[in-house]
Amino acid sequence: MKIQPAPEIHDVVIIGSGAAGGMAAWNLTRQGARVVLLDAGTRFNSARYWSHVRPWEWRQREARGLHPPEFYLSAKEQPYFTPPNQPFELIRVWGRGGKTNVWGRVSLRYSDLNLTEPARDGWEIPWPIRYSDLAPYYDKVEQLIGVNGGTDDQPWLPGSRFHQPPPNPRCGEYLIRRAAHQSGVNIVAGRRAVLTRQLGNHPPCHYCGGCGRGCDIGAFFNSSDYLLEPALLTNRLTILDNAVAARILVDDQGLASGVQYFGRADKQERVIRAKRVVVAASCVDSTRILLNSRSPRYPNGIGNSSDVIGRYLCEQIRFHMYAFLPELMGGPTHNDDGISGEHIYMPRFDPPAGAKKDYLRGYGMQFWGFGAQEGASFSKQLPGFGADLKQAIKKRYPALVALHPYGEVLPRATNRITVEGTPKDAYGVPLARIEYSIGDNERKMAEAMYSTCEEILHNANAEILPYQRGSLDVSGGAIHEHGTCRMGDDPKRSALNKYCQSHEVKNLFVVDGAAFPTSTEKNPTLTILANAWRATDYMAGRMKAGDV
Amino acid sequence: MKTRRDALRVLTASVALPILPVSAAPPAAATGALSPEELAVLARLSDLIIPRTDTPGAADAGVPALIDAAASKKQALASELREGIASLGGSDFLKLAPDEQTAALTRLASTPGGFFQTLKDHVIDAYYSTREGLVTELGYQGSVPLASFPGCTHPEHQRLD
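Those protein sequences? They're chains A and B, same order as listed.
Going by this note's numbering, the residue at position 162 of the first sequence is 163; the numbering climbs one at a time, nothing skipped.
Going by this note's numbering, the residue at position 124 of the second sequence is 159; the numbering climbs one at a time, nothing skipped.
None of these hints come from the bench; they were simulated from the model.
Quick caveat: nothing in here was measured; it's all calculated off a predicted structure.
This list has only true hints and no planted wrong ones.
Under the rule of at most 30 Å between Cα atoms (straight-line distance), these lysine-lysine pairs were calculated in the DSS-like manner:
1) A:Lys276 / A:Lys141
2) A:Lys381 / B:Lys109
3) A:Lys381 / B:Lys108
4) A:Lys77 / B:Lys108
5) A:Lys381 / B:Lys130
6) A:Lys268 / A:Lys77
7) A:Lys507 / A:Lys276
8) A:Lys77 / B:Lys109
9) A:Lys395 / A:Lys381
10) A:Lys358 / A:Lys445
11) A:Lys425 / A:Lys77
12) A:Lys499 / A:Lys141
13) A:Lys357 / A:Lys445
14) A:Lys425 / A:Lys276
Here are a few chain A residues that face chain B, going by a calculated C-beta distance under 10 Å:
15) Trp59
16) Tyr175
17) His182
18) Ile218
19) Asn336
20) Asp338
21) Ala388
22) Lys391
23) Ile394
24) Tyr398
If you want the footprint, here are the derived chain A segments under chain B, 3+ residues with CB under 8 Å:
25) 45 to 58
26) 168 to 174
Glycine is no exception: its CB is placed at the ideal position from the N, C-alpha and C atoms.
Isolated chain B, as found in the complex (with noise of 0.2 Å):
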């Protein structure tokens, strides 16, 4: 039993995270929790996690009006992002260089859960819950009436053995 167990392939991290139901979409943009400098370096972080590659990054789709927007809802969230932010040197992460900016983000993110992983799981629901993140990238086709539904067409799936 244990060595089938062993055998399976396992990502590292710590704790499973339940999959947020459909229903569950980022609530609506508001009136912000964060000043001008502070979603200055927000969107810097989220470009960092989430950049642009041949498709639209984190800031491209609106990543950091989103979370700002949700922060302006959640007041603990407001003061993690504050505290984060702040301990990264504020504004002053913006002027260093971005590998210098990248090596403090894994530095950050080598602390298990904590700012990184807030800030990750913040820009994840946020960007590929825009049409940037979902539909650009990811290339999601669905909620969308069809006249009928094709499932898998490779028979090399459907064998049994």
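Same shape as in the complex, but just chain A (with noise of 0.2 Å):
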């Protein structure tokens, strides 16, 4: 029999390599960790980005045999389950830098008023953390990526101290906060992790528009250059590419012992030790993995005695509404790309004292896709044909407004991944199954969205595109899926306690968007940012102190 020599023991090993991962990786190497990630892809070329590329240009290339990136996993390489007449959109990337490579780069900090609204509306637990264990994270993070955006701060959106200038809005984003200031709603100037000034050695952006493709030279925040890269400089930090996490494995203890993992390309099974992991895999993927590492220690999955992992599937609700601006019918047409999205923002607004309020939590609201557009889609809509229409579509071309409502999803215990009786995957690991409905609170939340913007769009005389009041995107539509390993302060109730470590499983940290108790209205990336430096700073302080 050969002896095996003993496995090497890692300090850390991360699941993950979005901004979750990104952020443990970076952090804790700093502070002197020697850390294995594991990706589930391998690093995006930006050099090969389509960034720039127009539609006709588009299919030049493609009938020359040329492929863009790949950015999305397909759903038919890692399919997930979903019961009939419940759809569920679930966008993954696979790949450095994870879905911050395509990311909307919408920056907003939670307020006090987000984290204190479970204790203050009594639905489900309340949030263990305040904004001031978050505030000196959101300064270090929107220093370290670069956010920009106004000196505007409000109730529901604090914290304006750091951002870079924010770009100059478009015509029909100032005819709109005019439109919505007339019902006494403020619009505030947006806050995006897109850079207006040079980072260190991250350039500006150049207003091309073309985010959504990839950034050819990196001008908004993305983990693999702005964190993985540094973190690599360090020394301290392998990344194993191609490698897809399926369990955590377990010791005699009960302590995470390290993770079984597949090679992506090969199939082949292996195994990394490390004496704690941090799991990073985005939220339904990390929950996954979770649920599927079962041992007679955690018959339910690791750190799972109290059967919350999984449950409380929280996203958001979101619609969209299309209308003209009769200020800008019939004008020129400007370049309109700017940093691409909207340069103005909604947040959320409390209703005026005595006004009613049917439902729990609330809505904020974005307007990207005002002006000239790669395409005029909007014209399906308009009636006829004929050189009739061919000029009602020049004419509204420039005029184009587009309001995108996102609202609260409560958590609930029935809205939830489970991995029980699933086919498998290409490695034989259970996939996800995904059971998701909205309730009466968000149709009601719903009712009061569409009314703003009716109200929105009426001030500003526009004309609006047929939609059907009520009617709400596709479940998972979002792409802020929370919930599932939340922290709290109370073992039964929560998987995690407020530094994401299991309360079962010491060195065990969840650090991504399935830690979170609620959805809130916001885009969660610089949260997760923030939180993961916060909780992976503790976790340094425990691993210095050698209890964990």
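Hey, can you piece these two chains together into the complex? The hints should help.
Here is the structure:
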């Protein structure tokens, strides 16, 4: 019998390379830890992005046999399951930097009002942290990654100290700001992780509008360029490409001892040993890994004696209204690309005193897609055909505005991710089943969201494209999944303590959006970064003290 | 509440369609799905929807070939186009006088959804994804690196009251 050498035991293994995993790797390596990071894909080559390719050039390239970079994981390669008539759209990026390569870049701090709201309204568990816990980390994250924005803080949108200058709004955005103002609704400068000034070796935005196709110059935060590359320079980080994490392993004491993973290319099983495990594979995949990590000690999944892991999945409701502003109809076409996406934002606001509010929580609004676009899909909804239609389209093209409200969905135990009895993936690991639906609270909120949109557009004398009041995007469309491995003070009702450390398994941390007890109405990435920094600061402290 | 909604000026059409994301460019040209005769009718129909004016029309911009290429990758679309073209008389449609062609399309358009909307959707997606439709007709200037972004330069747009 051949004696195998003892495998190397690393300080930390991190699963996932997006905002959460990248931050964990960056923060832990700079504090001296030796870290191995499992990434389910490889590094994307920004020199080959099709950032500036226009539609007809896109076709010419494809006719020559060229292909754009494939950011998104195919559901054919890695399926997930939903009950009939309960669709859920799950967007995943397997590859270095994860979804931050193509994210929407909206960077909004959560207000203390967000974090204390469950305690005020009594729906499900409160957040175990307050704004004062996050604020110093928000400060540091914004300086590290570069966030542009105004100085126009609102009760529901604090903390504008470290913003780079915001881009000037487009014509339609100023007009919508005025229309909202007429109803007493404040519109502020957008807050986005797009550089409007040089930041270290990262150049500022050149306003090509191609963010969604990947930024060829890295002018918006992505975890690979902004976190993992600096972390690699410490020589304390090893990244394993194409390493698809399957299960977290446990030792005789019930502590995490490493990760079983599979080569995405060769399908071979491998094991990596570590003294601590950080899970950051994004909400659904992190949850799948935890639930699949069954052992005699943890028959319900690692750290899941409370049976909360997988439950309380909460995302956001969303819809879109399109309209044309009379001041801009028939006017000149401008280059409206800007930093891509809106330059303004409607923060959540409290209804006026005495006004009816028949739902819990609330909503904010985004405004991407104003003015000149790479297409005119809106015109399918204009009546008729011929020269009149062609003229009607040209007249409206510079005048397009688009309202996109995002509303918080309450956490519910029945909205859950499970792995029991599901088919297995190519590596023999059970796939995720997502059961998710909204309730009356969200339907009532949607009514209020529609009323606000209608009121703003009415104030603007806008010509509104046809819409069905009450209709919503397919669930999952906001790509803001939360709640399935939530933080809390009560170990019976939460999986993690306030530092994202498993209540049961002290050397296991989950630092992505799964840890958030609520979804809020906001885009979460800035808070994921701040919270992962905070959690791994705690972790590094416990490592130095020798008790993790 | 109701009066406020009723006061909104809303266009008369049925269901809201999502606006396509930037990346959803039509597929590359490939071997077509339609016969030369069908393609000739499709070209005429495309031009009836987006005609040549002082700017190029749909056929000038190569729209029929783009739709044909899309149909070659999507059997349901190919069938709908073939059936729709046949319902208009196939090649005989081309023998009609222009005002008769317009009248036939007007009758088709009076039925919500169906072949007319499919045709119109595809002509619009294709035409406004070409240089002719997007740049020549609509004046699109984007997708290019700029040294700075001016944004709105109109004081009358920027006032709050």
